Amino acid sequence: MIPGIPFRQTFHADHWKDLENSGLTEDIIKESKIFTLPPGDLTRLFAFGNKKIYSTVITALVFPYAPSYEFARIKIFPVYVDEKGHRTKYLQPPKSSARLYIPRPLDEDCLITIIEGEKKTLSGLQYGLNAIGIGGIWNWVDTFGHLNSDFDSIHWEGKSVDIVPDSDVWTREDLLRAVLALATRLRDLGAEVLIVRMNPEGQKGLDDFFVAGNTIEDYRGLERVGLNSQFFQQCQVWFSKWKAEKAHANVCPHCEKGFKNLARHKCKKAPLEGDNEAM
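Per the working numbering, residue 21 is the first one in the sequence shown, and the count goes up by one each step.
To be clear, the hints were calculated from the coordinates, so they are not data collected in a lab. Mixed in with the good hints, there may be bad ones.
Cut-off 30 Å, straight-line C-alpha distance, at most; resulting in silico cross-link-like pairs (DSBU-like, lysine-lysine) [to be verified]:
#, residue 1, residue 2
1, Lys95, Lys224
2, Lys115, Lys104
3, Lys179, Lys53
Computed Cβ-Cβ distance ranges for the label pairs, DEER-style [claimed, not checked]:
#, residue 1, residue 2, range
4, Glu237, Lys71, 45 to 51 Å
5, Arg244, Lys224, 16 to 22 Å
6, His106, Phe164, 25 to 31 Å
7, Trp258, Asp34, 36 to 42 Å
Computed from a prediction, not measured in an experiment: that's the story for all the values here. Where a beta carbon is used, it is the ideal one built from N, C-alpha and C, also for glycine.
Required output: the full structure, derived from the provided sequences and hints.
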C-alpha cells in the first residue's frame, strides 16, 4: 500500500456515510481498498504540503490507486475553504503528479468510459461500465499538455471512448477547455471519442445520477456529443494557444518540473555553483 502507511480498512462513520451517499456498496468499497487514514498518520502525507489546509484536516478518506497502491488521493473532512471562497475537497502527497484511476482491470475490447472522480468511477463499475477514472477534470495532463504516462498502458488506436465529466462543465468554459483537451489528445492517439452530457440542472456527478434512481438504460440514453459540437467551438482558440504554449515548455534536469521562464524557476535540487556534479 502507500509507503509508510499500514493498510487497515477501517472507516470513520462520516466516511462510510459519504460512500453510502454515493450509492457505493460494501463489496465495491472493499474491492477498491478505500480506507480511513488514522489520525496519527496524517502528517506522513501532508506535513510538507499546504500548511493552511493541513491544519484544518480532522479526518481523511484514502483512495489508493491500483495496481501498485503506492499513490492515493485523499478526501479531507471538513472541506477547506480559502479566503476567496475556493473549496478544496481532495489532496494528494506532495510532489506527486496526476495519475489514472484503474480500480479494476480494463477490458480493452469494449467501450472504455473515462469518468471524472474516484467515487463516480466506482459507481460506474457497479453499473457494469468498463470504467477508469481521473481524479479531477485536469488530472490527466503532463508538463507538455499530453496524456500522462499511465495512459501508455492502454492501446487507444481504434478504441471507442466515452468521457463522463461532472454536469457543471456544460455551464463553465474553463471546465469545457479541459474536456476538449483530454478528448483531443485521445483522438490524436486514434480513439473515437464522445462526451456524455448530463443535464447541468440535474445531478452533478454520475454517482448522483444513479442515486437519484436512474438506471443503466437511462445512462445509455444520455446525449453524447463530439469534438465538433457547438459546446467546444468557444474553446478552440484557447486550445490552439494552450497547445502551442505547452509544446514550448521546459523541464528542469534536476527536479524534472516544467516551467515557462528559466529566470523565474527556483530549483532546490540544482547543484551549488562549483559542485562537481554540475560539471
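Going down the list of hints, with the structure as the test:
no., hint, in the structure
1, Lys95 with Lys224, "18 Å, holds"
2, Lys115 with Lys104, "25 Å, holds"
3, Lys179 with Lys53, "29 Å, holds"
4, Glu237 with Lys71: 45 to 51 Å, "48 Å, holds"
5, Arg244 with Lys224: 16 to 22 Å, "19 Å, holds"
6, His106 with Phe164: 25 to 31 Å, "27 Å, holds"
7, Trp258 with Asp34: 36 to 42 Å, "39 Å, holds"
In this structure, none of the earlier numbered hints is contradicted; all agree with it.
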